[in-house]
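2 protein chains.
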Amino acid sequence: MNFSVEVKTSLKKGMLNPEASTIEKALALLDYDVNNTQTINIIKFDLDAESRDEAYNQVDQMCQKLLCNPVIHDYEIDICGE
Amino acid sequence: MNFSVEVKTSLKKGMLNPEASTIEKALALLDYDVNNTQTINIIKFDLDAESRDEAYNQVDQMCQKLLCNPVIHDYEIDICGE
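Keeping their order, the protein sequence lines are chains L and H. The opening residue of the first sequence carries number 211 in the working numbering; numbering runs sequentially from there. The opening residue of the second sequence carries number 211 in the working numbering; numbering runs sequentially from there.
A couple of the hints might just be wrong.
Pairs involving identical chains hold if they fit within one copy or between any two copies, as the list cannot separate such chains.
Claimed, not checked - Okay, derived cross-link-like pairs now, BS3-like style, lysine-lysine, Cα gap no bigger than 30 angstroms in a straight line:
#1 Lys235 <-> Lys275
#2 Lys275 <-> Lys222
#3 Lys218 <-> Lys254
#4 Lys222 <-> Lys235
#5 Lys275 <-> Lys254
#6 Lys223 <-> Lys275
#7 Lys223 <-> Lys254
#8 Lys254 <-> Lys222
#9 Lys218 <-> Lys235
#10 Lys275 <-> Lys218
If you're looking for bench data, these hints aren't it; they were derived computationally from the structure. Because the structure is a prediction, the values reported are computed rather than measured.
Pulled out of the complex, with its shape left as it was, chain L reads as follows (with noise of 0.2 angstroms):
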């Protein structure tokens, strides 16, 4: 069965974000006044599984191996079958 995954990964609570702070400073600049910037990237794919579970399981895998670092990511799996 074909599924289409999503992964999200954003920074853990309390890790220095400069990729969010920077945007803050620069929309401060711009007279826009914005405040708790976040940023979280999404990374989707399709992905061939015998079952939910075994997809879900291979994307675990790949979250631990590749996608995040489990030291600073939190990361979230979406799964949807076809």
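Using the hints provided, position chain H relative to the given structure of chain L.
The following block gives chain H in isolation, referenced to the frame of chain L:
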């Protein structure tokens, strides 16, 4: 009123996405076979505005001026009132 805003930016269809193809190749080297890899960036922040329409207009200007490159990016704005 305080609005919580989410801006999703992704490359327009047909644009080369080196980040996505690098991820796909790296996963292939680890024996995971995935297809149609895409990447999406989300920027979330809180914004003070008088109405939802005003908030939307401000965020649209931010996207045009700073958050996206309208030549190569598509963007989507989600606004939730608090």
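- Of the numbered hints stated previously, which ones are contradicted by the structure, given in increasing order? As far as the earlier hints go, not one is violated by this structure.
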